[in-house]
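J.: Chain by chain, the residues:
2 protein chains.
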Amino acid sequence: MLLSRFFLPTLKETPAEAQIVSHRLMLRAGMVRQSSAGIYSWLPLGFKVLKKIEQIVREEQDAAGCQELLMPTIQPAELWRESGRYEDYGKEMLRIKDRHERDMLFGPTNEELITDIFRKEVKSYRQLPKLLYHIQWKFRDEVRPRFGVMRGREFLMKDSYSFDLDKAGAVRAYNKMFVAYLRTFARMGLKAIPMAADTGPIGGDLSHEFIILAETGESQVYCHRDLVEKDWLGERIDYEADLQPIVDRFTRLYAATDEKHDATQATKLGEALVSARGIEVGHIFYFGTKYSEPLGAVVQGPNGENITVEMGSYGIGVSRLVGAIIEAHHDDKGIIWPESVAPFAVGLVNLKSGDADCDRVAGDLYAKLSANSVAVLYDDRDERAGVKFADMDLIGLPWQLVVGPKGVKAGQVELKNRKSGERQELAVESALARLLG
Amino acid sequence: MLLSRFFLPTLKETPAEAQIVSHRLMLRAGMVRQSSAGIYSWLPLGFKVLKKIEQIVREEQDAAGCQELLMPTIQPAELWRESGRYEDYGKEMLRIKDRHERDMLFGPTNEELITDIFRKEVKSYRQLPKLLYHIQWKFRDEVRPRFGVMRGREFLMKDSYSFDLDKAGAVRAYNKMFVAYLRTFARMGLKAIPMAADTGPIGGDLSHEFIILAETGESQVYCHRDLVEKDWLGERIDYEADLQPIVDRFTRLYAATDEKHDATQATKLGEALVSARGIEVGHIFYFGTKYSEPLGAVVQGPNGENITVEMGSYGIGVSRLVGAIIEAHHDDKGIIWPESVAPFAVGLVNLKSGDADCDRVAGDLYAKLSANSVAVLYDDRDERAGVKFADMDLIGLPWQLVVGPKGVKAGQVELKNRKSGERQELAVESALARLLG
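Respectively, the protein sequence lines represent chains A and B.
The first sequence runs 1 to 437 under the numbering used here.
The second sequence runs 1 to 437 under the numbering used here.
Honestly, I wouldn't trust all of these hints.
[Said to hold, decoys possible] Straight-line C-alpha distance at most 16 Å; calculated EDC-like pairs for lysine to aspartate or glutamate: (1) Lys260(B) to Asp198(B); (2) Lys91(B) to Glu101(A); (3) Lys51(B) to Glu101(A); (4) Lys97(A) to Glu142(B); (5) Lys97(A) to Glu92(B); (6) Lys352(B) to Glu383(B); (7) Lys97(A) to Glu59(B); (8) Lys191(B) to Asp231(B); (9) Lys12(B) to Asp357(B); (10) Lys97(B) to Glu92(A); (11) Lys91(B) to Asp103(B); (12) Lys91(A) to Glu92(B); (13) Lys91(B) to Glu92(A); (14) Lys12(B) to Asp332(B); (15) Lys368(A) to Glu422(A).
FYI, nobody ran anything at the bench for these hints, they're computed from the structure.
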């Protein structure tokens, strides 16, 4: 992509309304723009990151045997009256009347709707277990939306739902999602710690939040120091095997959100206790028959008996992750994207656009990298070097490849790693080889 | 994917509410389920097709130099008051009040919002032209939703917007989209004929609808016979070149929707006139300054003068295309997917699940095809052959690979082409080679 054509409205000044670093940087890097309180448009750079994150979430859900479908944003109120949550949910639920005065709502979550689909289609124990998910925009009408996409009103969420014959089956599904979540966040360069959590309006008695430690976190969390330093999963997972040992490796150490925190543990752990601010990026629930019972999600068992299915639900805040990753990966110059979610792999900087030699070398690098499926943002603008470097640091691509008139005469370019700041003068071919590596 | 695990609730009976073949087949093939009038959940099979179509649309937009972003579903009413469309739009617009009693709406289209983004960020003629698109769920509160996803209330649309300095530039953008649309639909196995069209609530004076001829079409259309038989574009397009000659090749022959039909042409064309029912799958508009004027989308020209930008918008009904493709590709047994949008490439039928030899051969084929990235749906269910064949024909995968006890003894399997109905007995290795082609 040529930067001269790319729709990338970066800002030099920090917008006054942004209180936390991810919000500031997302605005300055031209990733998002607010259209009304807590509702954002994702400009091309932000959209690319959002899609990368969504794809990692999708791949790990698929790997865990979860099947993707897509439920609509607008739901009928009747379903929520059946579960008893229509009144419970309060003003956070965006209630709508359609032209025929029917009560509708913009889904804040989908337990009711997925249970409705299930009860109409699944009738026999032989069709279980089922593990289904979708990635869809949700709406929660926060009274005071803030922190950019971290606490917006319209947000993208991945939510999965499990259906099992008994509690043991439901716990197997829970463990699959637990492990899939560890892998998902690790792939994005995040240390997300599973912590015992309150179940809130979803309900149930077993729940973990996946929490990133960050000063700007919305809530206080507590955990054993070893969890912070724990090495995350790189291994390949067999999702058909018993995953309890992996789950136990994490849950045997103390970790709890504020609501679940046990003060006696604090005393017991002493120096081993970490007390910090945390950002929630995922939340998983086992809630048994809370929805299947009132909605009548019942299958026939092997002996003809009726079995009310055991359910769980599992959410990841996809759009929120964009902000959370920035909170975890930035410096005072801007964002530092982990390679797995970077909008482009390489930022190619032509220090003297219009100079025949620079244009030729940079154009050639751009063509060769692009032909090899390396995503390159080529700054071909007629701008000062300082502006180009500042923009590149701000948008945080993992590699910067700098073509300048002096280097070009010597057949050299500079390769800079955004994260380490390390710079190397390399022959053009060597730089290319390194990036094609 | 193992069919025994796949969430695929096929139906033997035709649901009474479905009036047209695509709606009937989408319900019977377990692709969608209605959650309320005109609002559907996409089950895994339908979701896969939807994603394939979306991806073709995306690739052709990108190839034409259009940049993807994503605007939210919920928009502020003020923007629509600025353009004057808030009252115009009538009851089809889903109007919403949020918890602070602010007027919001679920976007039926995005001219206002994209113009708002543009006017805040683009200030100089040097930043033009711009061609931006998004693929997002829209809502139009149809008084009588029907025909399944063909006329739903919540639907997925790709909408692009062009911004140019003058009419000539806007026509260049229009032509890019015109050609990109021809390619997009051709890749899906559709003959979509561009026809002079009315501009309706979008406005402007140049517009084409892309129409598929089908008996179940919603409107009457008229065109020169040669357009129906015209060979569609296979060639590579240089979107920087002058595309007017390609556009002219299509527009010099008569083609018009009912609203634009000129009865004198009917007489002139005589036998060459085709009068048929048509399904709209795309609609493109040039509307000049209709939105940029009231919203003040103005850039500074080379001499410091203010230039109100010239705009166009370009829509493709992504979810509607799923239905339209079925209308064009089916027989009395079910759907016949073009390979480019098929949810799986191959349906592998094990005629005797539980038989050691059949299980081994089928399992081996499944593993080898999957390892080579061929998407296979493996019917490993304990069901009668008749049920398996009927389901495979219904869901319409391009190839059926049948493993039966008699064939297996002779080292043979049967390969059936869903479209032609042609069957071939082949050695296992030959069948594999054919599908890995």
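J.: For each hint, tell me whether it holds in the structure or not.
T.: The hints, checked one at a time:
At most 16 Å may separate the alpha-carbon atoms for a hinted pair to count; Lys260(B) and Asp198(B) meet this at roughly 6 Å. Between Lys91(B) and Glu101(A) the CA atoms are separated by roughly 11 Å; this keeps the pair inside 16 Å, and the hint holds. Proposed proximity of Lys51(B) and Glu101(A) is contradicted: the alpha carbons are some 33 Å apart, above 16 Å. This hinted pair checks out: Lys97(A) and Glu142(B) have alpha carbons roughly 14 Å apart, not beyond 16 Å.
The straight-line distance between the Cα atoms of Lys97(A) and Glu92(B) is roughly 12 Å, inside the 16 Å bound, and the hint therefore holds. A threshold of 16 Å between alpha carbons decides the hint, and for Lys352(B) with Glu383(B) the separation of about 8 Å falls inside it, so the pair holds. Pair hint Lys97(A) plus Glu59(B) does not hold up; C-alpha atoms about 37 Å apart against a cutoff of 16 Å. Among the hinted pairs, Lys191(B) with Asp231(B) is consistent with the structure: their alpha-carbon atoms are about 9 Å apart, no more than 16 Å.
Taken as a hint, the Lys12(B) and Asp357(B) pair is broken in the structure, with Cα atoms around 30 Å apart against an allowance of 16 Å. Between the alpha carbons of Lys97(B) and Glu92(A) the distance comes to roughly 12 Å, so the proposed pair stays at or under 16 Å and holds. Using a Cα cut-off of 16 Å, the hinted pair Lys91(B) and Asp103(B) holds, with the two alpha carbons roughly 15 Å apart. The hinted pair formed by Lys91(A) and Glu92(B) fails the criterion: a straight-line CA distance of about 25 Å is larger than 16 Å.
Taking the CA atoms of Lys91(B) and Glu92(A), the gap is about 25 Å. The hint is violated against a cut of 16 Å. Of the supplied pair hints, the one linking Lys12(B) and Asp332(B) holds, its CA atoms being roughly 13 Å apart against a limit of 16 Å. Between Lys368(A) and Glu422(A), the direct Cα distance comes to roughly 24 Å. Violation of the 16 Å bound is thereby established for this hinted pair.
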